[in-house]
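So the protein sequences, as listed, match chains A and B.
Numbering-wise, the first sequence is residues 3 to 884 according to the numbering used here.
Numbering-wise, the second sequence is residues 7 to 475 according to the numbering used here.
Simulated from the structure, these hints should not be mistaken for laboratory data.
Mixed in with the good hints there might be a few duds.
[As the list claims (entries may be wrong)] Dumping the calculated DSSO-like pairs for lysine-lysine here, alpha-carbon to alpha-carbon at most 30 Å:
#1 A:Lys472 - B:Lys107
#2 B:Lys107 - A:Lys116
#3 A:Lys116 - B:Lys97
#4 B:Lys97 - A:Lys117
#5 B:Lys263 - A:Lys198
#6 A:Lys178 - A:Lys235
#7 B:Lys411 - B:Lys366
#8 B:Lys258 - A:Lys198
#9 B:Lys256 - A:Lys850
#10 A:Lys752 - B:Lys235
#11 B:Lys256 - A:Lys746
#12 A:Lys111 - B:Lys97
#13 A:Lys817 - B:Lys93
#14 B:Lys430 - A:Lys522
#15 A:Lys116 - B:Lys93
#16 A:Lys376 - B:Lys447
Letter by letter, the chains look like this.
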Amino acid sequence: MITRWNKRYAIIFAILMCVVWVASSRAQEETVQEENLTAEQVMFFESRIRPVLVRECYSCHSTRSQVKGGLWLDTKAGARGGGDSGPAIVPGDLAESMLWSAINHQDYKMPPRKKLSEDTIADFRQWIEMGAPDPRIQEVTRVNTKITQADIEEGKQFWSFKKPAPPNVPVVENTKWPVTDIDHFILSQLEQNGLKPACDAEATTFLRRLSFDLIGLPPTPEQIAWLTRNWEKDREQAIAHVVDSLIAKPEFGERWGRHWLDVARYAESSGKELNLTYPQAWRYRDYVIDSFNDDKPYNQFIEEQIAGDLLPVKSDEQWAENLIATGFLAIGPKTLTEQNGLQFQQDLIDEQIDVATRVVLGVSVACARCHDHKFDPIPQADYYAMAGIFKSTTTHYGTLKTFQNRRSSNLLVLPVEDLNPFDAKISTRELARLKAELADKQKELREYQFQRRNQRSSDAKENPAFSIVKVIRTTSEVGALQAKISAYDENGHPYTYFMGVQSADQPVNARLLVRGEFDKPAQVVNRGIPQVLTDEPVNIRSKSSGRLELARWMASHDNPLTARVMVNRVWQHMFGTGIVRTPENFGATGREPTHPELLDHLAIEFQKNNWSVKTLIREIATSRIYRTDSTFDEQSFEIDPENQLVWRVAPRRLEAEVIRDSILAISGELDSERPRASLVAEFGTAMIRDGVMISTVGADNPEIKTGIMSPGRMQGRTAQVGTAAVPGGMLDVGRSNRSPVIAKIDQPVKYRSVYLPVIRDNVTRSMEVFDFAESSMVVGVRESSNTPDQGLFFLNNQFVINQSDAIARRIMKEKNQVREQIKLAFLLAYGREASSSELAAAESFYRKFEISPSRFGPNRSVQRLSAVCQAILASAEFRFVN
Amino acid sequence: MNDQLNPGWHPSRRQMLESVSSGFGFLAFSSLATMALAQEKQDGRNANPLAVKPPHFPAKAKRVIFLCMRGGPSHLDTFDYKPELIKNDGKTGPFRGSLLKSPWAFNQRGQSGLWISELFPELGKKADDLCLLRGMNTDQPVHPRAVTQMHTGNAQFVRPSLGAWTLYGLGTENESMPGFVSVNPAAGTAQTYGSAFLPAIYQGTKLNGSRLSGGRFRGGRLDVAPDLKNPRFNDSQQRNQLDFIQRLNKEKLRREKQHPGIEGVIESYELAFRMQSEMPELMDVSGEDQKTLDLYGIGGGETDKFGKQCLLARRMSESGVRFVEITHENWDTHFGMSTRLPQLCKEIDKPVAGLLQDLKQRDLLKDTLVIWAGEFGRTPYAQGGDGRDHNNKGYTTWMAGGGVKGGFSFGATDEMGGEAVEGKCHIHDWHATILHLLGLKHEELTYRYAGRDFRLTDVHGNVLTDIIA
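Same shape as in the complex, but just chain B:
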């Protein structure tokens, strides 16, 4: 008990019960609830598992927008400038096949002079916000497993995802919205937003982004989550019905005296009712002005689809969603790279630059960590003359905002760009760093399951302190 800390506070038993039995929100009932109740009784902490929790130490980043580039984008043609590779174009490399220089020019951009490929003209303008991690490496050389490892740290077993750990560590700021949202994740990637052994409350909510592909939002709205709309009753009819439901609930609660489960139901209905209107509102971008839509490249054309995802990500972040992930496919350029890669880059260039600018002008970039990453990179040697193979030994990801150094490059691959040699950042280190930026110690963010304490980084992970502003 905190009596020593608050010597003036001596609640009666009755008061104590009242105070501890309110505000359980989504709380799992039975054992978890009673244990939490006992816990709360002991130290007065809020036992709602989604309540905002203080980080382990003060940190800048409060939320994450993860731009997931599925398929393995080529670092050698985007963010990892390799003059030696240009010189050795066509030669037989240390691996196999002939080395292939990037067909695209690199330029130094911004005050910082970061080398960025001409494929990202718009994003290049934001160079001074970017923190490039050029020494990335991971264990898995094939797509599905590498995607899983990027999200959960482990391709072998079913483990909680980065977003679920984040939500578990920090709670959510808006209880009318899910705390972790994944827009349009690829098929077969349920693990990327799963909670595994963490309580299901931390699982990501998958929003169906397929409706985003249309020319405009349908009627300015999206139908993205199940059961958001009643097929029969209008809002006022439903409110009447809900009032009757709540009356039954309250009567039940009165009879039972104390019952956190029923309180949870009462609260969850009000939240459900709010979500019913808030979620579609969030999806309704008709209120955004033309300038904003233009900024993201929304309005038809190649940038439209990802632009809408970026805009949604900003709207959700702004409303307090802790972790938003949006996905762009398909960067797997084994062949036809000379035509496909420019197309892929174009689809995201303006939307991502727009997102960074929009966050900045709303003063959100300082505490929003934007992450851009694929599951691995590509080889310096050619595949079939106009393509590159998978490369998990060296690649580039970047971060922006949320307390990272802008206009900064950390780590390096070898001269040809094949393997990380300096400032190496294994995927476990990457996870440790992301958690650190959010104020979470990756060694202390644990959950006990099957008799042992699990963490996102297992027994690995070093924080890249050099990139912190």
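Looking at chain A on its own, in the form it has when it is part of the complex:
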């Protein structure tokens, strides 16, 4: 049996692209041990060192001035942590202390204008050699909470923090109506409020609803015909049959996986100001889709994403899957331009806490970063108890090292090989050539950096513009070459990289930070889990980061929230709104459940059924309430305008993916095969600008560019690639002497929308126009707007027009008569027969519609029919489901 202990053999860290957590790991040690300084040491610092720092360094390197090079010297943590180039002071180690070489004008020249006196330099030598005693510990305050133990105990009585209690299935008056237990809960509350459920929907309405909900695609005419035939014969059996067949399709995982990707804020780039690609993020996407298709127990699914790297496994394959799952913690948005390593680490930890707690538990613990939670009894210290867990974790997300990117990290290598088709092997000769080129570039870069430093310190002789531009450009080139080289082992064989997390070598506790500010530490807080959420404190061993314990606690049957939060999400995706209408907030400021007993019933059953999402969906899909009509009823509306009690299944607008995929399905052009990896993976490390990916390596090298340039490697898509100059300037990446390769993000591909590239702030047109989830945030409820922009999309967009042509061609192939063709179009698009007046209107439009003669585009009869098909797609019915 392979366990996590053999990680040394399998995890090879990428050797390059590597700015490791120097700053953070050193600061961590400090938080654990306090130094005991002697009076002499303090005296030495105060008389010989501090005045020099104040006089010579603070104007550029202090929290009160600028932060040149990301270096603070006015706090101990800042000095030990160091700046962009490494630690400023390593106690007892002159060679490793950048400050020492800088004051000796070895690489940096500091202070820039005048070298310190020999005596002063000697003082610094003595100080560093004696271990750099530094008494500048801010008065460690103790932040006391106003939340008492009694408040916490009282808080535990809040409905969602108590374990679900098995409710009795309620008795109803109309005993004939219910089919499943769910129906008893729904009907009971309707009856109590003087409401009646709507009547059953027609077979066609039901089938369209079910098909969209389960697989995100419209029903086929054959499926419609079958269910219509069996609807009156044996409805229960017919429904069960259709549900089972849909739930078994691979399209099921593509549909439900995407719901999860919304809350997991999945994207393939860092977002924010410097937007760089995550070429390995797709592995997490496929993991999610496969997990839903495999009906992986939901608690296991959670465990893997929080601590997959630490779970015991039976095979390398299983281990690889678990490791990829931890991408959940790594794919968030990142401020790569952040100068301060400590700030960056705090923000990363905060993002991980926020996502993990809101997605899995439906509580926002991150509210307590700067002060006690205002509404739920979560003291600030409880936040830092969780922060310790993530502080004891390293996050690996890659990103191209450029001049602006101060926070790239390394990636991890999978224990099994799982290459992309475009990760081609390269020859050792080519590899050697790349390495030689890198060495040259690095030498060049050092020279430019040296020139630049000298220029800044003395009066410039050369135009400073030249040196800074050279540094920017060469840094990007070095970064791109490093990224390229690090993709291969020494034989030119590509590595299989992934994004994820690992446990730090030494687990640490975090300090509470006053107002959440990284330079205002207060007391140390032991690693742990918010008290109000646990009956018994979760025990975290001193050698353990606590992440495994956190995962196990989240996944346990005793957790009051995990199951409730997930069944609520599933309910919401089937009915449009959840039982709790704030799916990420089950706390005091969230909405209360409309059906608390039903919620608990579903949660308990979910756990009993081994956390099977498919079983839960089947349970809901076969209920009586799920098949009711969506007809408006004035009386019911008067009593319950929000449909909180579910007197009908409310109509919904379809999501962006469903709209695009349905258009492709109807035209028959949908490529239902999963493309290997993603467009972003194919393109590799790159930066994003205005809807294009830009890479600066490989364009002039035929061996390398095959991966990027060759069209058609991914199913059904012709790569649109070209070269263009990158805009230059001080804020931009330097102009390279290589031609950068660029590729559009929005490509005319025909696979399912879940496989389209998801690049933060650069969403493809067909997704963006229909309220695609904002991928920098946890999105439990998507918006569904009706905007004129959507109208313009349906009226004028080239994709819509091309697909309307394709539908026209398809129906012309299948039917001879125009009337029959139009009837088929209605059936395909709306899943029902056209009414006679619709048909008449369509035929009349078709007859009168004049096509202007044109040498371009399809022939006139296709164009005329296409105009009809486009109108059918454009009308409201197509984008709504009843």
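Using the hints, position chain B against chain A.
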């Protein structure tokens, strides 16, 4: 219900349903719509999220034109006159490096006698309209993050932008046009016009300004937004097709009895059709006379590009767009300042002065708030002899029109111009003040997300009441 307020009005249920279910426009359907429907039923308010909303209190400014100067324009060479810096030129300053006096002369301009650099000869003529904020400061010393903070108040997290908050607070006056437009925002600045957790309806529409760089507008028109033109059908063909679409929609609506989503679609198609013609019309400046084009410096040359942006801004404001932002780059003068800064100033001097004059002569300046700002300023000491470094501790922005005092200067930096010392205006204060000028209380303009009420100013912000006319 408002029955007490309107004792004479007793609508039947049917009437009530009819009245509440119309006019949803762009309204998000599902939960938001039904909640809004319920809300409307309760208090009779218009539930369309873009409907004009009354401000919290009466205020002069109705709309904003934000002139975003990206790169950090030097306050010391434009709007912040520092005689002490001139005297101490070349000396080692309190920071580092040697102090650098402005190579350009300052003069007192207008009746008010505001000190303005000779780099802005035209804008100087408008001194009596300007309200200089000379005590600006912000948290971020690097470009991308400072630009983000200037727009959203927060460089750490993704937050809604100033324009999105404005639109959320006030709605739009022209539903044929987007309520918040950002012309030609720089690459990588999606957050500056984003809506983050606010409903996407409040997001800024990005117009592609790259076509503005040509000698003339192409054919007098601009192709600035996606899918505005059908590649195959002409207007009358498209109208026929749209009539057929609307017929299907109305039939669907009749079957469903009540369905705000479908009403929304019906309405949005008519708006889309109007936008299709209105948007290009707005972009079509062939109707502007030569005098106007000259006023903005349009007609080739250095002022052409920004002049066109300013003219577009006026046209959009005039048509009822609530918040227009236009961007000018690149003010990052680390080096070569003596040649680059005059060039940059020249590019905007005439266009901005022209915009102020044009707004005034159309009687729009009184209720249009014009804001000029970069993300930070620059240091009093030299960088490489002919440049200045970033300075977020002190800099100048200005406002004009929209209820601010004209010919007025508020706040000050220290003697050398390094740090704000008087009338300090942090970026949160700046946001609070802008919202205040629009009649919005920054503490009350909130949106509930992830369990708490968020606002543009987070937990900060003081309104600079001294600058209000």
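Against the structure, the hints:
no.: 1; hint: A:Lys472 - B:Lys107; result: holds (29 Å)
no.: 2; hint: B:Lys107 - A:Lys116; result: holds (23 Å)
no.: 3; hint: A:Lys116 - B:Lys97; result: holds (15 Å)
no.: 4; hint: B:Lys97 - A:Lys117; result: holds (19 Å)
no.: 5; hint: B:Lys263 - A:Lys198; result: holds (18 Å)
no.: 6; hint: A:Lys178 - A:Lys235; result: holds (18 Å)
no.: 7; hint: B:Lys411 - B:Lys366; result: holds (15 Å)
no.: 8; hint: B:Lys258 - A:Lys198; result: holds (24 Å)
no.: 9; hint: B:Lys256 - A:Lys850; result: holds (20 Å)
no.: 10; hint: A:Lys752 - B:Lys235; result: holds (24 Å)
no.: 11; hint: B:Lys256 - A:Lys746; result: violated (39 Å)
no.: 12; hint: A:Lys111 - B:Lys97; result: holds (21 Å)
no.: 13; hint: A:Lys817 - B:Lys93; result: violated (90 Å)
no.: 14; hint: B:Lys430 - A:Lys522; result: holds (25 Å)
no.: 15; hint: A:Lys116 - B:Lys93; result: holds (24 Å)
no.: 16; hint: A:Lys376 - B:Lys447; result: holds (22 Å)
Taken one by one, the earlier hints fail for this structure at numbers 11 and 13, listed in ascending order.
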